[in-house]
Amino acid sequence: MADTAGEPPKAAGAVPEELAQLLAAARSDVPGSLEHLLRRVETAHDALERVSGVEYLLFVCADIACAVPLAMLREVLPSVPKTVPLPFSPDWMLGIFPLRSEMLGLVDPAPLLLGSVDGAISSSFIPSVERTGQRASPFGPGLSSRPALVVGDETRSLAWAVSGVGDIAVVQEADLLTPGDVASRVTLPFDERYVSGLYIPGDDAGRYVVLQADRLLDDLLAALEERDDHNGRA
Amino acid sequence: MDEREVVGLYIAEMRALLPVVQRHLGTLASMDGAEQHPLAAREACRLATAMADLSSGFHVEDCAQLARGIATALSADGETSRPFAVIAAAADILTYIARRVDMMAEPSRILAPTEAERSSSLRLLATLSTARRPVPGMPGMSAPVIAALIMPALSTPQSSVVEHVTSEAAQATQTPQEDQTAAADIEVADEADAQAVAAQVEDSERLTVDELALVRSFQAQTLRPAVPVTGPLNYAGISGVWSTAKAFDAQPSTSAAPPLDGQKPSADDLDYIPPEMKRLFITETTEDLEDLRNHLLHYEEHHDDPGTLLAMGRIGHKIKGAAATLGFDILAALAFTFEDLLKALQTRQAAPGPHAISVLVRSLALLQSALDAASADEPANPAYVGMAHALRDELFADAANGRSAPSDLPPAASAPLSPTSGIAAPAALPAEATGELGLRVARPPEAESLLRVDVRRLDELMNHVGALAVNRAALAQDRHEIERLQTDVDASLARLSTLGLEINDLASVLRSGAVTRTSEAADTASRDGAGGQRFGRRLFGRSDREERPAPEPGSQNGQAWDALELERFTDFDHTLRVLTEVIADLDTSSHLLRATLKHFSHLSEEQAALAGHIQRDVMQIRLVPLSDLVPRLQLEVKRLAPEVGKRITFTVRGEMTEIDRNISEQLAEPLLQLVRNAIVHGIESPAERLEHGKQETGALYLHAYYVGSEVVIEVGDDGAGVNHHRLAAAAVAAEVLTTEEARALHPNDALDLMFIPGLSSKQHAQMVSGRGVGLDQVRTVIQSLKGTIHVHSDVGKGTLFRIRVPISLSIVRSLQVRAGGQQYAVPFSSVQRTVTLSATDILTTAPAADANRGVPEPAARRIRVERPHANAVLGEAAYDEIPLFSLAELLGSEHTPRDVEMGLIIEAGQRRVALLVEHVMGDQEVVVQVLPKHLRRRAVRGATVMPDGQVLLLLDLPELISIVLDGTLAQPQPKRATPPTAPDTLAPRVLIVDDSVSIRRSLELTLERAGFDVQVAHDGIDALERMLVSPPRVVILDIEMPRLDGFELLSIVRSSQQFTGVQVVMLTSRAADKHREHALRLGAQEYLVKPCPQETLVETVRRLLSEPLDTPSGTL
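In the order they appear, the protein sequences are chains P and G. Just so we're aligned: the first sequence equals residues 1 to 234 in my numbering. Just so we're aligned: the second sequence equals residues 1 to 1116 in my numbering.
The set of hints was computed from the structure by calculation and includes no laboratory data. Incorrect hints may have been included.
[What the hints assert, rightly or not] Straight-line alpha carbon distances no greater than 16 Å define the calculated EDC-like cross-link-like pairs of lysine to aspartate or glutamate that follow: (1) P/Lys82 / G/Glu1008; (2) G/Lys933 / P/Glu173; (3) G/Lys933 / P/Glu102.
Whole structure, please, built from the sequences with the hints as guidance.
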């Protein structure tokens, strides 16, 4: 795949005005607007569907700008719900919470994503948080009102606690670098098996690691299952 | 079984078959012109045949003929494609049959067709025939042809001409030994009959040659029974039975011969059966077998009741038809032979009596085995068919010899099955077990209206009910919030009213001054003119005018009042009036709101009650009486006791005790095993019993009764009992115990050894003989049901197994406890009792030798608890020392020692342990929500949502203890490091105390966004109440508040040890140093002045949480 980092953005069709307003509202981090946008994400509005390309939700996880196919998401929770700790679980398992008639697990996917990295993340790679379209939390890390992505389907799902949620990007194939291309150009911050590519928007507004959400979900689910030693440590 | 039930049975069967045939026809239709899939045609043909047989059996002649017509049309040899017209005609027929079946479902409908229906069926059949074999120049059959084809069959009491002939032939063949001859006769009769009919038609109706050919063709293919296995059901006699019996006898036993086209799949080839159909069949047949057992028990005591045999015959026939339809040939053959037995008894070809019962019992056991194989997706043993035939021959041989029972049958075989004739149970029943839980073993067929519901649907319904409970909790929480807000509004209104009064008073003072000045002005005016009168009117209004004489008109000296002052004063008066009106309006609105809220509360409570009813009803639907299990146990007694040469009566009490269906199903095997144990090992032989001065017949009993939300099932006998010394010796031999440990064992504890894996199997392997499960497995199953099992035995007197299982696994009565700052629910049943523990109660010395039977216990701390069954006379210690664990530590949290703590005494298998908890809040029934697979933990049974919306984990404490004691969990587990990214999981609690709604809300939002667990209180009293329930880490405290102000609350907090560690931040509009100093002197950590930036507040709270408590005033 050719280097597309410096190229102008590909035509992705006209973004409906309403969508543009919503995205602007989301950028401003007004909770009500963000919620409105998230509802739109859930219901897959026609306006969004009319736009060609594959839709990705941009978000920040472990200080890395990421993208995940919208089709992999069940729901986006504006803030991490209150959870109940589940004993005999790994530390990255933050607890369980009820979502309507279902009990969901809330996890921090970062440890698994960073599993193969010894902390030496290429600083040149990491986009600033502001560039993802998500403002830094006024309360700093840790105690912020963090959103959560409910990933999967009705049969297998987990909520991922992430640092922030940004835009929905309609990504053209040409804007994606394959893992092979990526490996030759940048140091991947995440375990390669969880990376399906790199998304570089035409306006060079950051770089986003496109996650293999399905594989990551599978591994998280498998790691959560209680093992024979009953300690459940992954 | 009454007529309605018969109709219901037929409808159910047909409704199961119709859609499948329709689907196959659809497949065929979609391949019109191309080579059609042979399987679709074969299956459609096979199922149509089954419908025909079924309809024949129930004497629904028109449907039988039509279904057979479809089968014939689709079974044409060598054809790979059927004309679309045939398929269309077949589809029309199915539509007709479906409509007929639907009509039967209406009240007062009967199975037999009306004249109009007969006519319709004839037309449909004619269409099918024409479509199948179109005759040039003859688009359809003429009326004479139809009449010749159909009318003889429909006008005959039997369902078809051939069946009529078969019946005739069978009348001449009365014994099974002559089956071959009878079958030959049938063939001859078929031919003869067809020819006779054709000849009759030819003579009387003058058919054309073509028509005659068609008649012959149709007769030959339509009226001949397509499947000889499933002949007409005729309960009044045995006609048709022996003839079809031949078909089975002639078939190889490995698989039934293909009845239709030689391609019918064998019982082993089950892949083609739709799983849903197979599942329905298994479920239904299981129930049928249970019904057969019940009828058999009834028949044993009522030989002369022909209805019982008839009912059994119907069930057997139903099983046979369904099994044959789905290709379970061996099962069908067994059902067929079972029918033979019943027919023989009906016709008195075999004599009723103990031997006949024995044969029927064994025949039923074969049916059960074949069904078990089908359930397990395994082929049934072909030898079963031979065994069934041997049983049949045995019955007939005895009948021929004029015996009612074989002489070599053990005497116990003649013992009555019914528990009513058994001796009284050796053990006294608890009071709960008597009364309504009376004995009722042989359930007569009941004309109850039943609906079969898939258990999975019930599970889904239960989940929805659970979700309803969650919503209910949220609704209740919202209601409380509204009520709280209403209280706030009232408080604000009260303050506003007070303020209004104060302003009014102030206005009065102002008015007084104004009056004085105005009076002076008026005086002047009276002298100088009436100019001031206008001002007086504006200022005081009518009342003032009434009270005070108005200045004289014409006064010109009102200008003595400063004009601007008067203007402002008037505006003030106006504003005051508006304020008064607003207060009045608010008061009215508040009253209306309160009334609405009251109504809403009432509706909400009703809704909650309704949801509770639904929840209970759904749970009730899942409950089944234990009586469903009883026939299997009784028949096992009947089967096994003679085998081991024992006489046993089996008594059942409390069989109507209800329990969740899943639990009941899983209890079946353990109960069977206990019964087998008692028969083989527990109860002595008659000779031994006599030798020990006992009655020759041993007593075996099953008692069931409720205890709270659990069911207790006791299985006991009056046999030899178990020698606990021998058990201990066996344990030593098996190296389960050391000699010292065995010597120290309490007798009751020694008996528990029989549940230990390995030991149990060695002791009892010979008795189970490959059947069912061993005692270790019995306990495993019971424990998997969250139940317990205990054994008590007296040598020479008998043995009693007592099982306790929850009524339902979905709804559990639980204790709510707090450990490690987290609230949990624990099943009530797993807690023996609670104890209050102080530091002096906790021992750190080495454990006593006999505590917990030498099981390794990693706990360093122990407590002393009363020992159950301690015999002081024998010098047994009254107390046991049992290990003590902190529940918080076991679950990976930090345990904070307190002066006085609570302990839960838990029983885990044969061990008892104590668990330290911080607080026991109370007990409540909770709906258990099963967690998804990846969230399941051995020590966690599920989650539940409390009425306040809080989610609690329901812990499985015995399992948790097992994990600890078995060494699979490091103990004590180190405190789990707080995950860096899990602030919301263990968010510190902050209590905001302020009487201003807006400030409370603002602070709440700010702190919640910062990740804290926030609570609010509207004054000091409210705050104190909340703190007593759950102390916060930080209190944000205002000063001026009604009832109890901030300073007073702070004083109380600092004077109470209970609130040690609670940090207080004063947040007030009082900026004066004297207030600040006073607050700090009382023990506040910080003093912030309103308005305070959000960041400052959040930073202050965070800083306090990260620092150790420092009380500047040193008042602690």
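Hints versus structure:
no. : hint                : result
1   : P/Lys82 / G/Glu1008 : holds, 11 Å
2   : G/Lys933 / P/Glu173 : violated, 36 Å
3   : G/Lys933 / P/Glu102 : holds, 13 Å
Hint 2 from the list above is the single one not met by this structure.
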